[in-house]
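Number of protein chains: 2
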Amino acid sequence: MHRIKYAPYKDKVQSAEKASLLIKNHHILGVSGFTKAGDSKAVLPKVAERALHEELKVTVLSGASLGYDTDANLAKNGALQKRMPFQADATLRKSINNHEVLYVDQHLGQTADMLQKIDSFKIDVAIIEAVSITEDGYIVPTTSVGNSPIFVEKADKVIIEVNTSFPESLAGIHDIKLLKKQPHREIIPILNSDTRIGDSFIKVNPEKVAAIVYTEIPDSPAVISAPDEKTEAISKHILSFLEKEVDEGRLTESLLPLQAGIGKTANAILSGFTNSRFKNLTMYSEVLQDSTFDLIDSGKLLFASASSITVTQSCSDKIFNDFEKYKSKLLLRPQNISNAAEVISRLGVIGINTAIEFDIYGNVNSTHITGTKMMNGIGGSGDFARNGYLSIFACPSMSKEGRISHIVPMVSHTDHTEHDVDVLVTEQGLADIRGLAPVERARVIIKNCVHPDYREQLLQYFEEAYQLGGHTPHILKNAFSWHEEFKAHGTMKMETFANTTV
Amino acid sequence: MHRIKYAPYKDKVQSAEKASLLIKNHHILGVSGFTKAGDSKAVLPKVAERALHEELKVTVLSGASLGYDTDANLAKNGALQKRMPFQADATLRKSINNHEVLYVDQHLGQTADMLQKIDSFKIDVAIIEAVSITEDGYIVPTTSVGNSPIFVEKADKVIIEVNTSFPESLAGIHDIKLLKKQPHREIIPILNSDTRIGDSFIKVNPEKVAAIVYTEIPDSPAVISAPDEKTEAISKHILSFLEKEVDEGRLTESLLPLQAGIGKTANAILSGFTNSRFKNLTMYSEVLQDSTFDLIDSGKLLFASASSITVTQSCSDKIFNDFEKYKSKLLLRPQNISNAAEVISRLGVIGINTAIEFDIYGNVNSTHITGTKMMNGIGGSGDFARNGYLSIFACPSMSKEGRISHIVPMVSHTDHTEHDVDVLVTEQGLADIRGLAPVERARVIIKNCVHPDYREQLLQYFEEAYQLGGHTPHILKNAFSWHEEFKAHGTMKMETFANTTV
Ligand SMILES: CC(C)(COP(=O)(O)OP(=O)(O)OC[C@H]1O[C@@H](n2cnc3c(N)ncnc32)[C@H](O)[C@@H]1OP(=O)(O)O)[C@@H](O)C(=O)NCCC(=O)NCCS
Ligand SMILES: CC(C)(COP(=O)(O)OP(=O)(O)OC[C@H]1O[C@@H](n2cnc3c(N)ncnc32)[C@H](O)[C@@H]1OP(=O)(O)O)[C@@H](O)C(=O)NCCC(=O)NCCS
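Chains as they are written, first to last, in this note's numbering: chain G, 6 to 507; chain B, 6 to 507.
You may find that some hints are simply not true.
Identical chains blur together in the list; that is why a pair holds if it fits in one copy or across any two.
Straight-line alpha carbon distances no greater than 20 Å define the calculated PhoX-like cross-link-like pairs of lysine-lysine that follow [stated by the list, open to error]:
#1 Lys492 to Lys10
#2 Lys249 to Lys122
#3 Lys99 to Lys17
#4 Lys482 to Lys492
#5 Lys241 to Lys208
Don't read these hints as lab results, they were simulated from the structure. Remember, predicted model here, so these are calculated numbers, not experimental data.
Produce the complete structure using the sequences and hints provided.
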């Protein structure tokens with residue numbers, strides 16, 4: 006019980022099962038958790054369980070995706086009315102695409118603001134994971150901060166899950182500040198990744214704390230596939246591009262703070278920095294993956310600010326067995342600060358994110374397969390792409406044995422517009438489209454990024470459209486023909502081109 | 006000559022014709038001017054003239070659109086290689102859509118940053134309109150600031166056009182600050198529309214000033230059609246919506262700083278505030294139109310910050326005949342500050358912009374007719390829509406005697422994504438789509454915003470798509486069928502629906 010330093014809470018300790026009874030049908034929940042880190046591992050799973058036997062449908066707001074099978078079980082058991090602002094679970098995804106769950110896919114930096122602006126998401130219960138509780142009854146979060154501060158502020162009742170699987174020494178890496186609603190919104194005075202502006206705990210009115218539950222379940226570990234030929238090629242193209250920026254005097258060898266998305270590609274790109282000439286790097290990102298800690302180990306990375314730490318089992322063991330080594334180099338912030346337009350633009354973050362597909366004019370789809378089916382969500386990619394110093398999007402040129410080209414005539418859903426994308430890269434090469442008109446962009450994207458199997462086919466689309474005129478040449482009736490072809494015949498390769506591949 | 010208070014400049018005074026010879030083939034020009042206000046009226050027109058007789062092709066960067074026929078003549082005479090970041094001229098538009106001129110359509114808040122990041126637009130000559138020149142040789146701009154400070158900073162040579170048609174008392178309304186490149190970027194410490202953070206002039210190294218030209222040509226006046234039934238209905242819907250926000254305690258009667266786009270609709274909406282119950286209003290916008298001054302006259306508007314003043318002849322006469330009345334209520338700023346994400350989000354600006362079309366899921370097209378032909382450009386609409394407290398887009402439900410529906414199944418070009426749009430409004434009604442999933446948005450948009458002539462047709466598209474499943478239901482092969490129908494048969498009304506209209 007020594008993790009709870011506020012005596013009046015001690016008789017609120019109860020089982021997860023009992024605490025879960027605070028959650029009623031039609032409730033709106035605000036839960037901790039960001040890309041699997043620091044999520045509710047005791048109470049929220051019980052909500053899913055209860056929904057098997059009783060009428061229990063709730064709206065769940067989180068930081069980002071949750072760990073284990075929590076989202077899957079909530080969806081499978083019919084416990085979800087609405088889910089936001091992000092998810093990355095195969096079962097939930099299916100429920101969303103079947104219209105069984107309503108999903109609101111939001112810029113991760115904007116959910117907290119939304120809660121201040123509209124009343125439709127009055128939080129009934131917040132469920133927040135903590136590593137400990139301070140003398141004043143305040144919450145020290147675990148491996149993520151996410152939207153927890155605003156959930157706690159807005160909630161009628163708060164359930165705290167004290168997780169003893171994390172070392173108590175996690176306390177101190179959080180930097181928590183609640184921003185006031187406009188017109189009282191403050192300057193966010195962050196001038197460097199390591200500027201500390203808030204408290205190391207989440208303030209809460211102790212009277213709202215309705216239950217405290219102990220758990221010792223660790224975060225579900227990230228699973229990251231090792232870099233492969235393609236992701237390594239992508240990483241090399243980006244490093245060469247950045248080296249040129251340095252050689253020509255536009256950036257220094259410490260670049261500007263880096264942000265990288267999640268997944269294999271992002272991790273591989275970041276890992277590439279280990280053996281680069283860059284030094285004294287910093288990160289101002291939303292998620293820290295294994296590569297961040299490798300970069301710290303190699304002495305390349307001085308400091309990393311984010312909203313969560315999402316790492317593999319072996320990386321987790323490494324960090325938490327020697328946490329003092331990393332502690333002074335890390336800050337975890339609420340996601341409306343890690344992803345704040347104000348800070349990202351001031352610091353000049355270099356944002357590197359992954360695309361589902363992009364088009365010849367530089368528009369990017371991050372969310373929808375074939376324009377209709379939700380994959381995960383936009384996450385923070387838009388916060389960084391719009392406001393950063395450089396907005397880089399990467400993906401392989403082809404997938405599924407070449408049946409999908411990730412570069413298409415027109416994206417089937419737009420998450421990042423032509424106005425917000427600076428650099429596009431595949432294993433084939435990189436296109437720097439800054440300052441280019443659409444037709445100039447098309448030529449460099451087709452030349453540098455497209456797989457040779459699709460180059461001629463794409464060029465033909467472009468040249469035909471070009472003949473028809475228009476600032477952004479398109480043939481509307483064929484703009485999605487590649488997607489339709491894939492649906493109809495399982496490949497984007499057109500008949501007439503199928504045998505002309507190199 | 007008393008407008009030039011720096012003696013060494015006096016022998017640089019010359020004719021526009023002579024000054025224009027400083028501009029050579031392939032030069033890159035940075036020119037003052039923002040939505041017709043404060044543009045070059047002497048030298049740049051001479052460049053267009055010269056291009057009739059000699060090989061002279063230049064790249065022109067401005068604040069936004071230019072006045073008179075300058076853009077038209079540059080285009081017509083083949084003087085333009087590339088144009089950015091905005092234009093609104095029928096002749097230039099044609100040249101852009103014919104691929105005679107390359108056009109880069111950019112967020113107006115981001116051009117200055119781009120110039121600090123890449124070298125491809127090294128400014129050879131800046132041409133800046135001034136109302137006077139200070140004792141230190143610094144430039145006092147006229148009715149706009151635009152990108153002039155960064156152009157002057159980056160230019161090899163500077164030409165100043167001293168325009169005696171404006172009263173010298175304009176001096177004092179400008180608030181100029183150059184932001185440093187990252188990692189040295191400063192906080193922009195604006196806490197209210199009226200916070201002053203810089204100088205009232207543009208600093209320039211006098212050695213770069215290569216020529217000074219006198220003109221007395223006034224700004225070309227704005228021409229705004231009077232409000233009509235539709236724009237008045239739109240205005241009413243917005244006012245009722247804002248009243249409800251106040252009644253339910255989410256906003257106060259002074260709302261939050263307003264931004265409004267240009268044109269008839271925006272002007273009508275803003276005019277609507279004159280007879281509203283709102284009071285002590287402020288504006289943090291990019292352009293000030295007639296309605297701003299009417300609101301000041303009526304005592305409703307306390308202060309307006311923007312990057313330009315673009316008004317009709319009669320409004321111009323009113324303002325400049327009694328400028329002291331307005332002076333203390335105005336500030337003109339560089340457009341990377343009037344449109345800064347940092348300030349717009351801190352202040353919580355209510356952004357009201359006009360759409361070319363929007364779709365049932367809340368994506369907005371601000372720029373392209375039928376997906377290919379550039380109209381004007383995105384302007385600052387994205388800066389405000391992404392970062393403001395409320396992002397409102399308005400347009401009529403139909404145009405061209407009902408042959409065009411402005412609400413379509415899928416926008417033919419995306420400038421503002423579903424993640425960035427809060428409220429959509431036509432003369433039919435208003436849809437508040439905050440916190441809604443795509444299928445919820447579709448239902449409220451079809452019900453509230455679509456003209457009855459198109460409602461059934463649009464509902465049918467949605468219902469058919471819904472049957473196919475997917476988070477964002479679409480039938481890709483029909484997504485642009487309305488646009489194709491319009492191209493083929495001059496109307497978006499489908500055969501089967503043509504006779505079912507109410
Ligand atoms: C875009 C995103 C889905 C890519 O993730 P990833 O793990 O690198 O991608 P993968 O290549 O494994 O693709 C995931 C799946 O989508 C499929 N897919 C990807 N692009 C596709 C396309 N254009 N058409 C059809 N399927 C596609 C892949 O084939 C794969 O399917 P599989 O699981 O059946 O093999 C992911 O980065 C994402 O969700 N991004 C948005 C959020 C974000 O950017 N956050 C930023 C900060 S965290
Ligand atoms: C969107 C925008 C073009 C609307 O301007 P407006 O003057 O209110 O619009 P109008 O209704 O007069 O439309 C302009 C023309 O485009 C045509 N048009 C508009 N929407 C159309 C559509 N969906 N399909 C075909 N034509 C369309 C109109 O019919 C009209 O044509 P006409 O001149 O032949 O009559 C204008 O607001 C704009 O350029 N916005 C982008 C920039 C911006 O938002 N800046 C914000 C801050 S200044």
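Looking at the structure, which of the earlier hints fail to hold?
Of the numbered hints given earlier, those the structure breaks are 1, 3, 5, listed in rising order.
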